[in-house]
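Novice: Listed here are the chains, written in short residue letters.
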Amino acid sequence: MSKLNTATGGLGGLALAAGSLILMLSAVTQASALPKCLFVSSYHQGYAWSDGVERGLRQTLDGKCEIQQFDMDTKRRKEQSDKERAALEAKEFIQRWQPDVVIAADDNAARHLIQPFYKDAELPFVFCGVNWTVAEYGFPYSNVTGMVEVAPVKAMIQEAIALVPRAARVMYLGADTATEKKNAARIQRAAKQQGLIFEPQFVTSLDDWVAAYQDGQGYDFIIVGSNAGVEGWDNTQVFKAIEPISRRLTVTNHEWMMPVSMLGMTKVPEEQGEWAGQVALQILDGTKPGSIPVVANRKWELFINPRLTQAAALKLPDQLLSKGKVFR
Amino acid sequence: MQRISSSSRPWRIGAGVLGVLVLLAATGLSLHADLRRASDGFVDLSGEIETLVTRRLDNLHAALRSLSGMHHAMTHLSQQELSAFAQDIERSYPYVRAILHMRLVGPDQRSDFELDMRDAGYPTFRIHNAEQAATEHLGKRAQHMALAVIEPLDPSLARAMGYDFYSDPSLRSTIERAVRSGEVTAAPSGLLGQDSFLLFKAVYKGFFVPSTARERNAQVQGAYALLVDAPAFFGDILRGSSRLGLQLHRRDDDGTTPLFVSPPPPSFDRLTQLLPKLREDKTIALPASSFQLTIEHTQDASVLHPVRWIWEVTTFMGLYLALVLLVFTRLRAAEAAREAKEQLFQEKERAEVTLQSIGEAVITTDPTGVVDFMNPAAEQLTGWRADLAYHRHLNEIFSLVSESDGSALPDPIARALRDHDESEASAIMIRSDRATVAVIENAAAIRDSGGSFTGAALIIRDVSRERNLMREMAFQATHDSLTRLINRRQFERELTAVVDDAQNTGGQHALMYIDLDQFKAINDTCGHIAGDQLLKQVSGHLGENIRRHDRLARLGGDEFGVLLRDCTLDKALEVAEALRQEIKDLRLHWEDRSFRISLSIGVVAITRESGNLDEILSAADAACYAAKDQGRNRVHVYQPNDDLLAQRSTDMQWLHKLREAIDNDHLTLHGQTIYPLQHGSSMPTMCELLVRMLDSDGRLVPPMTFIPAAERFNLMFDLDLWVVGAAFKQLGRLWSAKPDDHRIFTINLSGQTLDHPDLAAAIRELELKHCIDPRRICFEITETSVIANLDRALRLMEELRQRGFLFALDDFGTGLSSFAYLKKLPVQYLKIDGEFVRDILQDPVDKAMVDTIKRIGGVLGMRTIAEAIEDTETCRLLTAMGIDYGQGYHLSRPAADIFDPAPTLLRVPSKV
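Listed in order, the protein sequences are those of chains A and B. Counting in our numbering, the first sequence runs from 1 upward without gaps. Counting in our numbering, the second sequence runs from 1 upward without gaps.
Isolated chain A, as found in the complex:
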């Protein structure tokens, strides 16, 4: 079930005292004077990526427009019908609330909401978190622009090769989701450019993930994909399971996967939210969405998980150690 979060959610407290009511009315009056910005998240609050995007977005739009958030919750409602239903609910909400601009985060919102209902529509859309390419959605439309989510895949593979000079085989371990498969395809292309044999494994459960990780010890290094979609995921449990068996370098592009990865070159979800917010403000200021080109994110962080590297007896060069943030 989709969930609606509003910036004025506090209005639910109708039992507030008369003074509070006056203050709220004042707040409503003030809010109503601002343009309306609807944030449609493909996922749910509590999901690290989505939370980062939301954080960046709200930070940018705070005080500049009235924000309503619609979570499609498609990480947990994986069925196609659920996704489509969530998109319809979002559409209904759009029709009901009449936002001035809609910020849509991640692929499911682009696929199920923008593409089918708002191609070249009047209502401007700003997307973000769309992985790698917008070609499959036909973006940009005249009313759509945004930021593509790219991972520093090439840099990550180059760094791994630098650490494992004779690497020839690499395994990709991710959830069995479309996004992960899309990511894996993208990484595979980069790995091939480096002359590596790339073998992905997609799992749906924690045990499968640990088992696959075990298999991965037979590769030169493992690229750890997102766990979004892996049921029963528990970082502590996973860490306990893999710490004793870790012998190979593991790298990831997802910060939230650093508890179970040794080296991370991770995207910054806030960048997606911030860009989407800036573009939304430009649109609200009169700029046509079509005149703002689609761009890609460019920020990423370097993380090192010393517990796992120590467990694997992996010695990292000083240059890398001095540059990478220690994940705790």
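Please keep in mind that the hints were generated in silico from the structure rather than gathered at the bench. Ideal placement from N, C-alpha and C gives every residue a C-beta, glycine not left out. It cannot be assumed that every hint is accurate.
[To be verified] Lysine-lysine pairs mimicking DSSO-like chemistry, simulated, CA-CA at most 27 Å apart: (1) B:628 / A:299; (2) A:240 / A:299; (3) B:628 / B:657; (4) A:192 / A:299; (5) A:325 / A:315; (6) A:154 / B:205.
[Said to hold, decoys possible] Ranges between beta-carbon positions, derived for each pair: (7) A:62 / B:76: 30 to 40 Å; (8) A:185 / B:116: 11 to 21 Å; (9) B:217 / A:215: 47 to 57 Å; (10) B:258 / A:92: 49 to 59 Å.
Based on these hints, arrange chain B on the given structure of chain A.
Specialist: Same frame as chain A, now just chain B:
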């Protein structure tokens, strides 16, 4: 308060005009100072701005050089590293909007480059120019300087991704210059925003910047640029002043290219428009690039400080006024000094002219008596020329001796000091040539402001003429003017002394009374002139035949007296006989006629037993009458028996007649009119009342017949009182009948009458009785009678004067010894004695006397009346001399109809 003279008016006008100019200048200077301060402040501000902008540009250059250095140092500068660098730059220099990285893309590289960029997350990436949309494909070019990185990227800049900087010639030129020089160049941002400018720094292949331009051109790989947000770059500077304008231009060989222009805000305020705009052009030279920073400032009213103006203008004006005050004070002082000098000069001139012109001699000396000044009068008086007298002691010029005894008088300077600085003294000046001059000298000490004695001033008046005149008057008072013998009064005075001597010492003296026989006949037949000549000749002979120390006097008419001092009766008889014989033998001639004349002489011895003065006089008179009675031409010695007889036979006869006339009103009043002499005078006509006695036949007896007897027997009071009573009675009637008769009537009062204690009361009684207007009654009293008893006469006169009566001093001039007493007498008229009038045409002394009396009367406010006017010439002369009234036979003879109201009497005769 001293007034500034008209000569200072131009100064005042000049000072006023100058004051206005100073005010304007002070205001102008204050304005200039404000503007200068503003200008100086602007220059300072401009310097600070220049420093700040220079530092900022320098920082940006440094940042670009760092970026370039990092690029060259690293084999691959990742997007992430560039982003991190951009964050630092943005944090350090907030006005850096973005870091740009351009890639030099050859035509064969463009496709792969675009694909790579699309694959890197820019699905619409194309190399394009400014005119083309970011999504449109750019035509084929030789090389592109494509924008590949914008850090930080924001949506407004995102459309610039892929922009070919070489598509803009200006930008291309700028970048190529950066490539050639290896340094930073600047250009307007163009596509990237109107309010921004770009700083370019080329990067090359290899780790180092190639050393030559050619190599740099060959090895160029791309460029980095800083997109500078100009409003942010200058924002804090512009916020410092709302009226500041800034322009930043790039300077190169082609001239200047504006990078940022922010003109000062326009002003619609009139004052602001009037104020000059401030502008400073600064050149900022950095390696391989030069900038022109133009700073402008529109001044407004805030640069003006009226309060400070007021202070400054007030200070200026205060200083100016102080200066003007100083100048004016000096001018005024100079002018006052000049005026004082001029005044002093004028006073000196006046004093000198006065001193030159006054009749008094003025001599000043130093404290020791040495002469240092003499005026012409002093020269004339002393006989010394001033230049010769200077530096000589006063004693060398003259000396002063007592007028009375010839003794030397003390030094006048010492006397002036002794007598409190000023003293006056009569003296005889003995000149150095031994000539003497009667003077009155006044000496005064001269002292300076401190009171020190610095000299003395002597004012010496030559009083010789006055002295002579006084002597002449004194002589006339004691002498008979005709014969030059002493008169009766002086004779009686000397006789009194002799009688006193006889009484006191027992000395023997003698008195002769001489009467000319047949003198009346001569007088009547030959006229009084002949009579006078006779008298003069007789007196001369008499004088020649008495002893040297005997005293001859004319006692009146044809009567003479001789006082023989220390002379026995026998000797007196001897002298008397000699006189009688001398005159008897004398033949007197008048014109062609000759006369013989004889003397009747009465002699009386003056001894201790002779009695008093009156008795001696009476005895002598009786003896003389006895000689006449005995046939004339003889000498009769007084014997007591003879005295009684003679006295009874003469005086008693007249005494009886006069008494009878008074008691029975056998007296009558005539009047002689006194006319105003000055033409057009409004003075009233006067009329002198004259008493006449009627004898038994009704004929008039002249007063000289009975008046002497009246005087001798003290009947004058009764006689005068009768005259007063009769006059008042008739005047009361006259004025009652004719109120417009304004004549003033004069009534003679004798000396005896004046002495009478009842006179005032009697006159008062008669005045009231007859309703008399005292203002038209004038009492004539003789000068001699007044002087004889001055105090009593004064009291009487003052009493009557208070009631309104007028007074005339009769026979004035004959008895005077001094004019001083005139000031005391309440007299309105001076009747000049006929003795001075009769011969005034011939005798200059008489004329001088009349003139003197006239002037004295004028000074004292007294009218002058000349009597005895007997001819026209005399009348004219007196009129010309200014005499107020005239009386005499020429004008009017005494008449009986004086109380007749007929108008003819009031007419002024044509003879006047």
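Novice: Determine for every hint whether it applies to the structure shown.
Specialist: Hint check results:
{"no.": "1", "hint": "B:628 / A:299", "verdict": "violated, 188 Å"}
{"no.": "2", "hint": "A:240 / A:299", "verdict": "violated, 31 Å"}
{"no.": "3", "hint": "B:628 / B:657", "verdict": "holds, 21 Å"}
{"no.": "4", "hint": "A:192 / A:299", "verdict": "holds, 24 Å"}
{"no.": "5", "hint": "A:325 / A:315", "verdict": "holds, 16 Å"}
{"no.": "6", "hint": "A:154 / B:205", "verdict": "holds, 23 Å"}
{"no.": "7", "hint": "A:62 / B:76: 30 to 40 Å", "verdict": "holds, 37 Å"}
{"no.": "8", "hint": "A:185 / B:116: 11 to 21 Å", "verdict": "holds, 18 Å"}
{"no.": "9", "hint": "B:217 / A:215: 47 to 57 Å", "verdict": "holds, 56 Å"}
{"no.": "10", "hint": "B:258 / A:92: 49 to 59 Å", "verdict": "holds, 54 Å"}
Checked against the numbered hints above, the structure breaks hints 1, 2 and satisfies the rest.
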